[in-house]
Amino acid sequence: MVAVVPTSAQASPAQVAQRSSKTGYALLAPGMLWLIVFFAVPFITLFLTSLQAPSPTQAGKYVPAFELANYGQALADYWPQFIRSFIYAGIATALALLIAYPLAYFIAFKAGRWRSLMLVLVVAPSFASFLLRTYAWKTILADESFITRTLNTLHLLPEGRILNTWIAVIAGLTYNFLPFMILPLYAALEKIDPRLVEAAGDLYASPTTAFRKVTWPLSLPGVVAGTLLTFIPAAGDYINAQLLGSTTNRMIGNAIQVNFIEFRDYPTASALSVMLMAVILIMVFTYIRRAGTEDLL
Amino acid sequence: MMSKRQETIAAIAGTMKSSVSRRRLLQAAGLSSAAMVAAACGAGGDESASASGTPSAAAAEDMSDKDKTVVWSNWPLYIDVNEDTGSRPTLEAFQKETGITVTYNEDVNDNNEFYAKVRTQLEQGQDIGRDLVVLTDWMAGLWISNGYAQKLDKANIPNSANLIPKLQDVAFDPGREYSLPWQSGFGVLGWNIQSLQDTLGTKTLTSVDQLFDPKLKGRVTVLSEMRDTMGILLAYQGADPSNFTDDQWNSAIELLTQQVDSGQIRQVTGNDYAGALESGDVIAVIGWSGDIVQLGDAYDLGLPETGGTLWTDNMLIPALAQHKKNAELIMNYYYEPKVAAEVAAYVQYVTPVQGAQEAMKDVDPSLVDAQWIFPPQEILDNSYVFMPLDTAKEEQYQRDFQKAIGN
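Which chain is which? The protein sequence lines are A and B, in order.
Its first residue numbered 0, the first sequence is counted upward by one per residue in numbering that gives the first Met the number 0.
Its first residue numbered 0, the second sequence is counted upward by one per residue in numbering that gives the first Met the number 0.
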């Protein structure tokens, strides 16, 4: 018996694999090209700049070198700003989560026909420029503003004011990055099948237990995505610290800005940027591992 | 072999080292004879020999006559504006008179920031897309010594003869070959009269001591422009801001650090302090004269009795600008006394144009004796122009200053 093997009509598995991999590359190409041109090349330039040394002949100029000491020096000069950035961004992220979760929950499960409108309202402030919104907060938090006066009457403000303190910086960060927390949370919550929660109730779980055992774990991918999308830009931000903070609230973004623009010390500024990226990358990896959602990567 | 001419050039450049290589010098199309000499002398030596002279900026083919446009970058709120229509009367009159269309950008917010924005193009010998820029003395000096500014053709600017004598010869540009002043101003103390009365029991702030009175804790801001804030503090400590030592500098930095750390100084700002004064967050500031005059009657200003600072913003034509002649025509226009008076009446800064005070009689008689536009001798005598700094000192002082203000 000779098995009839169809030869012409069907391609061999190898051919299929080859073709699909070609399609794969074709699909990847635009994204890869974009990344190479606008991320990989600038990053390599940034990294090389961070290793430059001052020119021996011309003051204010830098020449290619392998000056690893730039990193030590930058860290020695700016470790307080580094730590401050992560603390501020951490608090802002936690606050954003506390504010965003109930809101996203409400939009996903309770908003009914108002859902689309509420989503638009969440995004609406982003239509105004980031800078403008932060300037608006200067007015909202001014010494003579309603908020500051009320809190002062209650003796709740240690410095007697909000503007130009760490409170204002964290408030600004929380506000500005809140939509980045709400949207992923909403997307995750919205996907949850309400029947699962019903089933938990049928099995005598209290609403709290049902939330703890069903809704919360299922919304975790949203929590992880939201916290990352909030924390990462918040840690590198310098506008909020500059406009709402005081001289004692400078963050690492301010240090990078000052080195680039005021000192024109490109190596130090680049070293700070590379370190900021590295630290964030490490934190993100550890965080995602602990949260147990490697599939996000 | 250093010729007399070359020595002069080196002196002009001061200790501010030029960073233009010989190669670029030779590339520059519009080499002045001085630069030729410098380049020729440098031919047998090392690169730094030629780099010590003032390099001449490259010139592009001047499109002025074919293309009647000009692009001008200036600071915000630095030209007369008709509040009702939002138009700029003097600028419109210029356009009508000459048929040249002016693109007026208010995109210079900070000397360093603006320089950072265009630096790469300047270094690579590219046109920065602007024909006229306005920069403060020390930054203008940096541009001139780096060869980023073109020599002015005074034949197109006969009105430059109206420049007041005091500003005709400056260290960074003797004889004003590359620059013409736009406006000058003072680093001063400014305050909210009523709030000051409420906190300190006085209507005038006359000294830095009062500014640092604990009763004003957290209600004071100083300028992020190093030269104004530090100039006032140096003078307060008895040093001469136009000629001081490192020790005197360090002691002034120490004072600033103390006041920042104690919370006396609430914030260090650029133009933002005007808003903070208006919102009532801040009672007293180290600020700029014209800004505070513009705020109105509820605010007052004055030099501290130990002295304030005096600075000038200058018009320059960047290397390779395509409409050099049109830019020069603008300079000429704004050096007509009447036009200068109109601008000064609005911006409230010191006009560098001789005869503007006369012309002010027709423009706004109430301003003929305005002391912050036409400063009397005692104000000029009590204000200092900050010491010129070379690149290394500039960097060192900037670092000290930024560290003191939390950066």
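Hints may be right or wrong, so weigh each one.
Here are the simulated lysine to aspartate or glutamate pairs, EDC-like style, with alpha carbons at most 16 Å apart [what the hints assert, rightly or not]:
| # | chain 1 | residue 1 | chain 2 | residue 2 |
| --- | --- | --- | --- | --- |
| 1 | B | Lys214 | A | Glu158 |
| 2 | A | Lys137 | B | Glu277 |
| 3 | B | Lys216 | A | Glu189 |
What the simulated footprint calls covered on chain B by chain A, stretch by stretch (three residues with Cβ under 8 Å from a Cβ of chain A suffice, anywhere in the stretch; the number is not a length) [unchecked claim]:
| # | segment |
| --- | --- |
| 4 | 260 to 271 |
| 5 | 344 to 351 |
| 6 | 383 to 392 |
Just so you know, the hints here were simulated from the structure itself, not pulled from any lab data.
The beta carbon of each residue, even a glycine, is placed where N, CA and C say it ideally should be.
We went through each hint and held it up to the structure:
Pair hint Lys214(B) plus Glu158(A) holds up; C-alpha atoms about 14 Å apart against a cutoff of 16 Å. Among the hinted pairs, Lys137(A) with Glu277(B) is consistent with the structure: their alpha-carbon atoms are about 12 Å apart, no more than 16 Å. Only pairs whose Cα atoms come within 16 Å are accepted, and Lys216(B) paired with Glu189(A) is rejected, the gap being roughly 51 Å. Restraint check on the segment 260 to 271 of chain B versus chain A: 7 residues with Cβ-Cβ distances below 8 Å, three needed, restraint holds.
With 0 residues having a beta carbon nearer than 8 Å to a beta carbon of chain A, the segment 344 to 351 of chain B misses the requirement of three or more and the stated coverage is violated. Beta-carbon proximity to chain A at under 8 Å applies to 3 residues in the segment 383 to 392 of chain B; the threshold of 3 is reached and the given coverage holds.
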